[in-house]
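*Asks:* Sequence:
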Amino acid sequence: MLRYLTVVAAGVAAILMSERVTDEALYVFLLLCLLLVMRLRDRYEAREGSGALPLPFAAETAALAAFGWQYGGLLPLAVPAALYTPPERAGAFIPRVTLAGAAMNAAAWTHFSAELLTAANMAYAAIALLLMRIRKTAVDRGEIEALYVQLQTRNHELEEARRTALDYASKVQELAQMEERNRIAHDLHDELGHRLIRLKMMLEAAVRIDGGRGEAMDLVREVRDQLAGAMDALRSTVRRLKPAEAARSEYSLETLIGELAGAVGAAVRFRAVGAPWPLYPSDAIVLYRNAQETVTNALRHGEATEVTVELEYAPEELRMTVSNNGALPEGGVIRKGLGLLGMEERARLAGGRLEMVAGERFAVRTILPRR
Numbered sequence: 001m002l003r004y005l006t007v008v009a010a011g012v013a014a015i016l017m018s019e020r021v022t023d024e025a026l027y028v029f030l031l032l033c034l035l036l037v038m039r040l041r042d043r044y045e046a047r048e049g050s051g052a053l054p055l056p057f058a059a060e061t062a063a064l065a066a067f068g069w070q071y072g073g074l075l076p077l078a079v080p081a082a083l084y085t086p087p088e089r090a091g092a093f094i095p096r097v098t099l100a101g102a103a104m105n106a107a108a109w110t111h112f113s114a115e116l117l118t119a120a121n122m123a124y125a126a127i128a129l130l131l132m133r134i135r136k137t138a139v140d141r142g143e144i145e146a147l148y149v150q151l152q153t154r155n156h157e158l159e160e161a162r163r164t165a166l167d168y169a170s171k172v173q174e175l176a177q178m179e180e181r182n183r184i185a186h187d188l189h190d191e192l193g194h195r196l197i198r199l200k201m202m203l204e205a206a207v208r209i210d211g212g213r214g215e216a217m218d219l220v221r222e223v224r225d226q227l228a229g230a231m232d233a234l235r236s237t238v239r240r241l242k243p244a245e246a247a248r249s250e251y252s253l254e255t256l257i258g259e260l261a262g263a264v265g266a267a268v269r270f271r272a273v274g275a276p277w278p279l280y281p282s283d284a285i286v287l288y289r290n291a292q293e294t295v296t297n298a299l300r301h302g303e304a305t306e307v308t309v310e311l312e313y314a315p316e317e318l319r320m321t322v323s324n325n326g327a328l329p330e331g332g333v334i335r336k337g338l339g340l341l342g343m344e345e346r347a348r349l350a351g352g353r354l355e356m357v358a359g360e361r362f363a364v365r366t367i368l369p370r371r
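With the first letter of the sequence shown counted as 1, position 121 gets the number 121 in this note's numbering; the numbers rise by one all the way through.
Each statement offered as a hint is correct.
16 Å max Cα-Cα, derived EDC-like pairs, lysine to aspartate or glutamate:
| hint | residue 1 | residue 2 |
| --- | --- | --- |
| 1 | Lys336 | Glu355 |
| 2 | Lys336 | Glu293 |
| 3 | Lys336 | Glu157 |
The hints are simulated quantities; they were obtained by calculation from the structure and are not laboratory data.
Let the hints inform the model, and build the full structure from the sequences given.
*Replies:* Dropping the structure here:
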């Protein structure tokens with residue numbers, strides 16, 4: 001708006017001051033054409049990604065200089081108005097300042113005295129320095145705002161990663177506790193339980209032996225009854241310690257595949273290769289979460305219609321490969337978002353690694369060491 005006001009004010013002053021304005025109708029028409037040129041430049045540069053282009057600026061500067069040279073008055077002082085553009089429009093500023101200054105001097109050369117031309121150049125230099133400062137401030141502010149947005153994004157990502165890590169740690173602890181309770185239950189059943197059974201049977205035999213009489217036999221019967229009570233308490237403890245089957249299978253791949261097969265419109269298959277061994281709780285969670293993330297990405301982003309989850313029990317490591325027939329990454333470049341980074345982090349914390357293969361089928365492989 002300042003550009004237009006500057007040109008209009010100089011144009012009105014020229015009508016009052018300059019003797020070269022003889023045909024006011026033609027003068028007003030040319031002034032409106034000049035404003036139209038300025039407007040066209042604004043609309044052209046306002047397009048996304050255009051910025052301050054050299055050709056529109058040079059055309060506007062030339063039009064302002066020609067108008068000022070033709071009619072004189074204060075119009076030559078309006079030539080620097082070509083510099084008054086929004087500071088966010090990128091472009092080389094020094095060359096434009098030089099071009100606008102030269103155009104102003106060319107337009108004012110025949111109309112201004114030496115003293116007035118010197119004053120005009122000093123004012124122009126001050127205006128140019130002010131505009132440079134404004135542009136630098138705007139650029140710095142834009143960079144600060146961009147940095148703030150980036151920091152906000154990173155903060156959200158870190159918060160999400162923190163919540164994921166807490167959930168992961170909680171699930172690992174829960175499964176580890178269930179595994180330990182299961183081990184204790186088996187130990188109690190296999191070791192102490194069998195020993196108590198043998199003692200009870202020996203005491204039963206002692207009671208049946210002929211000749212057993214008196215207080216000794218009463219004591220044996222009392223020990224037998226107490227052992228029976230201890231065995232009942234032991235069985236009750238084992239039942240309470242042993243985790244429910246649903247909790248133990250909550251993070252199994254078979255459970256995940258069964259859930260996905262009935263909830264998505266794609267074929268999700270699972271197969272195991274090699275001789276299986278019991279999985280450590282944290283490994284079960286890593287495989288479950290990584291398979292869940294990979295299958296979800298294949299259906300959402302790759303628009304896959306077929307997903308295969310293969311779990312291979314190798315001698316030294318465990319490999320889970322999730323492949324799909326969906327769209328491959330554009331240009332073969334795999335861009336790691338928050339999901340893939342989280343999968344890599346889970347595998348790394350478990351002592352493994354994550355591999356991605358973009359062949360005929362896109363595949364993500366989670367590799368964990370055997371424990």
